[in-house]
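Trainee: To convert, note that position 215 of the sequence shown is 1547 in this note's numbering; the numbers rise steadily by one, no gaps.
Be aware that a few hints might be false.
[To be verified] Label pairs and their in silico Cβ distance ranges: (1) Asp1373 / Pro1465: 20 to 30 Å; (2) Pro1366 / Phe1491: 18 to 28 Å; (3) Trp1496 / Thr1460: 40 to 50 Å; (4) Tyr1550 / Lys1395: 42 to 52 Å; (5) His1400 / Ile1485: 41 to 51 Å.
[Said to hold, decoys possible] Here are the simulated SDA-like pairs of lysine to any residue, each with C-alpha atoms no more than 20 Å apart in a straight line: (6) Lys1466 / Gln1497; (7) Lys1522 / Pro1461; (8) Lys1522 / Phe1418; (9) Lys1556 / Pro1461; (10) Lys1556 / Gln1497; (11) Lys1556 / Phe1418; (12) Lys1395 / Tyr1412; (13) Lys1522 / Val1437; (14) Lys1395 / Leu1419; (15) Lys1466 / Ser1403; (16) Lys1522 / Val1411.
No lab work stands behind these hints, which were simulated from the structure alone. Where is the CB? At the ideal position from N, CA and C, for every residue including glycine.
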Amino acid sequence: MKKNVGAERNQSDIKTKIRRRLVIALVIIIIGAPFLFAPSDVFAFGIGILGGMGVFEIWQISKNSQRHRDSLLAVLFAVYLCVSLFLCYRLRFSENGLSWLFFGVLLIGVFDSASYLGGKKFGKRKITPHISPKKTLEGLISGFIGCGVISLIVGNWLFSLFLWQLASIAVIVGTLAFFGDLFESLLKRKMQVKDSSSILKSHGGLLDRIDSALAVIYGLYFLKFWFF
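Modelling step: build the complete structure from the supplied sequences, incorporating the hints.
Mentor: As structure tokens, this is what we get:
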């Protein structure tokens, strides 16, 4: 009886978390989509606001630390954030940049959602228990599968690329999304905080929402200007 109650409660928690993530994704799409089509000055303004909020959260994370190593890590992360946002601006207003940015955001969302659902359903083997305990090998594989499928379908519609190129993009985006999230988790663990800030209340901080995207932007920029 107790096992059944526990299982039902666990299923209820999973459904609640899934609904919460869907709501967050919807809010981000509603707020962020207009900026994708905005003129360069408006887009730059939005990027500037995002960067300012991100730097503020990094300061919040590191302000109570007395170790010089943590301060250096925070500065490096702030530089990493600002450079990523600058590359995002450059990518958006390059030739076919809107399609690339849309494609990247879509793949990140699919990878994140598939990883979460796969990890909840099948997750057993933890990958980084000391940095991000909830990440599992099964979740990671699910993320790559979902990312790959969407890349082949949508990418074939957006770009004139070979299937192996679209598959490569999916692998690169998934890998960078994973390590981008891991990097931010490492920063929080070093600073001994749970969420990057309380701006988004129970949903964590802004950096918790864009950590994967920050890393992926580097990859997309490199791929577009050096390979495609």
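Trainee: None of the hints should be skipped; say for each whether it holds.
Mentor: Results of checking the hints against the structure:
{"no.": "1", "hint": "Asp1373 / Pro1465: 20 to 30 Å", "in the structure": "violated, 43 Å"}
{"no.": "2", "hint": "Pro1366 / Phe1491: 18 to 28 Å", "in the structure": "holds, 24 Å"}
{"no.": "3", "hint": "Trp1496 / Thr1460: 40 to 50 Å", "in the structure": "violated, 29 Å"}
{"no.": "4", "hint": "Tyr1550 / Lys1395: 42 to 52 Å", "in the structure": "violated, 27 Å"}
{"no.": "5", "hint": "His1400 / Ile1485: 41 to 51 Å", "in the structure": "holds, 49 Å"}
{"no.": "6", "hint": "Lys1466 / Gln1497", "in the structure": "violated, 31 Å"}
{"no.": "7", "hint": "Lys1522 / Pro1461", "in the structure": "holds, 14 Å"}
{"no.": "8", "hint": "Lys1522 / Phe1418", "in the structure": "violated, 26 Å"}
{"no.": "9", "hint": "Lys1556 / Pro1461", "in the structure": "violated, 34 Å"}
{"no.": "10", "hint": "Lys1556 / Gln1497", "in the structure": "holds, 12 Å"}
{"no.": "11", "hint": "Lys1556 / Phe1418", "in the structure": "holds, 15 Å"}
{"no.": "12", "hint": "Lys1395 / Tyr1412", "in the structure": "holds, 18 Å"}
{"no.": "13", "hint": "Lys1522 / Val1437", "in the structure": "violated, 28 Å"}
{"no.": "14", "hint": "Lys1395 / Leu1419", "in the structure": "violated, 27 Å"}
{"no.": "15", "hint": "Lys1466 / Ser1403", "in the structure": "violated, 27 Å"}
{"no.": "16", "hint": "Lys1522 / Val1411", "in the structure": "holds, 18 Å"}
Consistency with the previously given hints fails for numbers 1, 3, 4, 6, 8, 9, 13, 14, 15, ordered from lowest to highest.
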